[in-house]
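Undergrad: Heads up: the sequence lines are chains Z and H, in that order.
Just so you know, the first sequence maps onto residues 1 to 739 in my numbering.
Just so you know, the second sequence maps onto residues 740 to 864 in my numbering.
Hint data in this document are derived by calculation from the structure and do not stem from the laboratory.
None of the values given here were measured: they were computed from a predicted structure.
C-beta atoms are modelled at their ideal positions from N, C-alpha and C, and glycine is treated no differently.
Any given hint could turn out to be false.
Label pairs and their calculated CB-CB ranges [said to hold, decoys possible]: (1) H:Thr859 <-> Z:Glu476: 37 to 43 Å; (2) Z:Gln627 <-> H:Glu822: 23 to 29 Å; (3) Z:Val467 <-> H:Gly772: 25 to 31 Å; (4) H:Trp751 <-> Z:Gly562: 57 to 63 Å; (5) Z:Asn570 <-> H:Ile842: 55 to 61 Å; (6) H:Gly778 <-> Z:Pro48: 43 to 49 Å; (7) H:Leu765 <-> Z:Pro455: 37 to 43 Å; (8) Z:Gln627 <-> H:Val817: 31 to 37 Å; (9) H:Val758 <-> Z:Glu131: 50 to 56 Å; (10) Z:Ser365 <-> H:Val817: 56 to 62 Å.
Here are some, though not all, of the chain Z residues that point toward chain H, as calculated from beta-carbon distances under 10 Å [what the hints assert, rightly or not]: (11) Lys480; (12) Leu488; (13) Arg494; (14) Arg498; (15) His501; (16) Pro609.
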Amino acid sequence: MRRSYLLATAAGLALACSPLAANAQFAPAGSGGPPSATIPGPGNADEPKENTPPNSSYFAGPSPYAPQAPGVNAANLPDIESIDASQVPAMAPQQSATPAREDWPAYGRDDKATRYSPLTELNPETVKRLEPAFVYHTGSYPRPGQANKWAAETTPIKVGDGLYMCSAQNDIIKLDPATGKEIWRRNLGVKYEAIPYTAACKGVTYFTSSVVPEDEPCHNRIIEGTLDMRLVAVDAATGAFCPAFGHNGQVNLMQGLGESVPGFVAMTAPPPVVNGVVVVNHEVLDGQRRWAPSGVVRGYDAESGKFVWAWDVGNPDDHSQPTGNRHYSRGTPNSWATMTGDNEQGLVYVPTGNSAGDYFSGLRSPAENAVSTSVVALDVKSGSPRWVYQTTRKDVWDYDMGSQVTMMDMPGSDDTPTPALIVPTKRGQTFVLDRRTGKPILPVEERPAPAGNVPGDSRAPTQPWSVGMPALRMPELKEKDMWGMSPLDQLYCRIKFRSAHYDGEFTAPSLDKPWIMYPGNNGGSDWGSMSYDPQSGILIANWNASPMYAQLITRKKADSLGLMPIDDPNYKPGAGAAEGNGPMEGTPYAIAIAPFWDPVTKMLCHRPPYGMITAIDMKHGQKVLWQHPLGTARANGPWGLPTGLSWEIGTPNNGGSVVTAGGLIFIAAATDNMIRAIDEHTGKVVWSAVLPGGGQANPMTYEANGHQYVAIMAGGHHFMMTPITDQLVVYALPDAIKH
Amino acid sequence: MPITNNRTLTEWLTLLLGVVILLVGLFFVIAGGDLAMLGGSTYYVLCGIVLVASGVFMLMGRTLGAFLYLAALAYTWVWSLWEVGFSPVDLLPRAFGPTILGILVALTIPVLRRMESRRTLRGAV
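Next comes chain H alone, as it looks inside the complex:
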C-alpha cells in the first residue's frame, strides 16, 4: 500500500477502526477457538475469521473491509436472536457493542471509497 503524506483525519480514524476490528477479530479467533475446542459455541471463531478479514481489508483501504464487517454484524444478529430471542438483557452483551461499531463502520464506507478511487487514479497514472 503506497504511503501518501496527505491522509485526512477521517482516513486515520478509519484505519484506527480497522486496527480495532482486527484485534477484536484476533481475540475472537484465538479465544473463540479455545471455546470451540472446549465444546462451546462456534460463533466466535467463525465470526472472528470474518472480522480479521474485515480488519485487514480496511487497513488496505478497501471498501470490502467495511462490507465484511457488516456481514459479520448481520451474522451476529441472526445468531443472537437464535440463541436468546428478543431478550434485551441477553442481547446487550451480544449485539449492542457490535452494532455501535457497525454504525461507525458504515460511516467509513465513503472514506474507504475515496481511498479506493484515489488509489485507482494513482494506479492509472
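Chain Z on its own, in the form it takes in the complex:
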C-alpha cells in the first residue's frame, strides 16, 4: 500500500513539475500569436477550382484536381458504367426480410436491425453452462513494424449452412456454423497502407439474386465494401467472384472522388440492399483538411454492380457520376455508420457525420449544415432525401452518428402502431421518429446553446433535446467530480478542469484555452447501436461517459507540431494524423485533442462509471427498467496495469448487444475483455467469460444442429487499448460441443 502511494506521490510530483510538458499540445493561454490565416468569408470559403493556384505550404495537401495516388484504385479496375434506376431488376425476397428462426442473416439480424433473436435454448438458467465451442483465427493483426490500427469490430452473419464473416482486412470467409471449420476463404489483398483510422470490417451482406437462377453460382452472394474502397460480390456457396457484378465481381468506389491517397477514405460497414440497390457510404479520415474527399453516398445495382445514383450534398440536383476531371463535392459530411434499408418505404436511413475540418464550421455551406449529424432518409430510386432529421446543429463536437438506426412499431393511442425509427446519438439523446416523415413521435425540446468562442464561427442558438426518452448521459461535470488514485492526481485534474472552458454539452470550441466536450465523440451511443426486443418492448442501450479535452490551435502552432493532412506529399505515417491532433488544413485552425485524462497514469480525470447499460420499456412510457455500470476494473488501472478487481466500475465500452427470446442479453464491449449474459428483465449478470482479446464488436447468436451458439469477435480495439487478436470465439452448451 505504502509503496503504491509513494509511486503515486512520485507521479504527482512529476506532474507538478511539468503540467504543461505532459500536455504540450495544449497551448497556454495567449501563446502562439494570432491565427496566421484570415478569417474566412465570401471569396475564400469555396472549394478550390481547377485553376486555383496550389497551396505551396509544406503542410498543405494537393489540389482536389491532382491525380489519385497509386494504390487508391486498389485493384486497378476500369470505370463502372451507369444505369437508370428503372433498369434495376425487381428484388427477390431476401433472407433478412423474414429471417429463419435459426439464422442471423444481416448485420442487425433483420431488415429492422433489431438484434433480436427468437432462440430460447439459452435462458438465464441454461446459460450458466455455456462453454467455448470453437475459435477461428482470421489472420489479420498488426505485424512487426506496423502501427496498431486494429479493431476488427466484426459481426458474422449466419444463413443456412454458413457463418459468413470478414477479417479486419476484408478477406471474406465462410465457416461451418457448428464446427468453425473454414469452408472457403476469398482473400482480397487489402494492404496495410489502406487502413484509415482503424482496420475494421463490421460485416458482410447476404443478397439473393432475382436474375441468376437458383442452381447457378451467385444466386446467393456475399457483398462487402472494403477498406480500400472496393465493392465486392462473391458466390455464397464457393466464394468465387461473381463475374456479372462490376468487373469480375468488383467495383472501384474511388471513381469520381478526385484526389486522394490510400487510407484517406474507407468502408467499414456492411452496405444494405434496398429494393435491389446496394447503398454504399464511407468514412473520411477526420480532422485532415477542409477539402477532403467527398462524403458522397451512392447506389449501385446489386445484380450488375452498375452505378445507379449519387447523393452529393454539394450538387444536390446532379445524381450522376462525375465525368472527365470533375469529382463529387469535397469536404461534405461523411457517413461511416451502418445504414438501415426500408424496402417498404423505399428508403435508406443514412446516419451522417459532420463536414471535413470537424471543429471549425465557419467554412461550411448551408447545404452541408442542413444534413450534417442527422439521419437522412434517401429515396433509393433517385438518391434524393425524402426527409432529414438533424440531431446536432452545426456540429463542432464530432457528435457524428455512429449507430445503426433500428425500426420498431410504436404503439399509438389507437390500435394502429406508428412505423418508428429509433435514432441513438453520441449525445445520449435518443430520438424516436416516424419513419415515413422523419417527424419526432416523442417530444423534442429546443434548448438554448452557448454562443461561439472564435471569430467567424457562430454557433446555433438552440439544440434539440429528446425529452421523451431517458437521457443516456451523466449530469454536467463539476470540479468535485474529478477523480484519481490520490489527492495528487485529483488535484492535477481539478486544475485541468478549471483551466478549460466548460458550459455544458455544447461548450463552443476555443482558441484561448482548452474546452471540454462531454459526452464527447466517444460518449453516448456509438456504432454498437441498440438492440430491441419486439416481444417485450425492451430497448437495450450501452453507452459511454468519457469526455474529451480539446483546443483549437493556430496554424503556426500546428505547423510547429508538424501537423499535416494525410495526403500532404511530406506526410509520414504516425506524424500526427489519425483522429487525434488534426491539421484541419484549409481552415484557420488545427485541433489538439485527447481524452480528458491524466496523461501520466492514463486514467480518465473524472469519477467512474465510464460505461453503462440501460434497459428502456418502450411500450409503457419509455421508463428505465434497470441501469447499471458495465465492465469491471479487472483489466484496467493506473498506467494501464490490470488491477484484477471484480469491482463493476463501469469501463468505457465499444460494441453492442444482442437480445433473445430466451430473456438474455449478450454483450462484450467493455474494456475488461469479458463477454456477459445479462437477464433482460432484471439486469443481473447471469454468465460471463474472459475473452482472449478485447470484445469490441457486436455479438450475434444462431442455431446449428439444433443447438444455440453465441459468437463474438474478440479483436480488441487500438483506441480502447484492449488486446488485439484475430480470434472469433463461439460459445455453446456442452451438449452441442459433443456432436
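Once you've looked at the hints, dock chain H against the given chain Z.
TA: For chain H alone, coordinates are given in the frame of chain Z:
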C-alpha cells in the same frame, strides 16, 4: 539540528516520511494555489500549508510534525465528507492515501519522542 552518528533505521524512515510529507505539502501549496486562483477549491492550498509545516517539524525531529499531519488528516476527512458524503468511490482519491500515510505517521510518534528526549538530554549536558 545536531547530526549524530547513531541514528537508527526507524529514525531514517521517519525522516524519509518527513521528506515525503514536505514534498506533498509543497505540491499542495503550489498546485493548490493555482487551483484556488482559477476559482477552484481552497482545500489543497490550506492543507498544503499545514503539510509543509508538518514535514519541516518532522525533519527537525519534533513530535509536533506528526501531530500537524494528523490535524491535516482530520481536516481532510471533514472536508471530504462535506464535499462528497459517504461515497466510497469519491472518498478513494481524497482520503485513502492520506489515511495510509497517517497510519505511518502515527507509528513515527514514539520515534520522534525518542529523538526529542535525546536532544533534550544532550541540550541539558
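Undergrad: For this structure, which hints from the list above don't hold up?
TA: 1, 3, 4, 15
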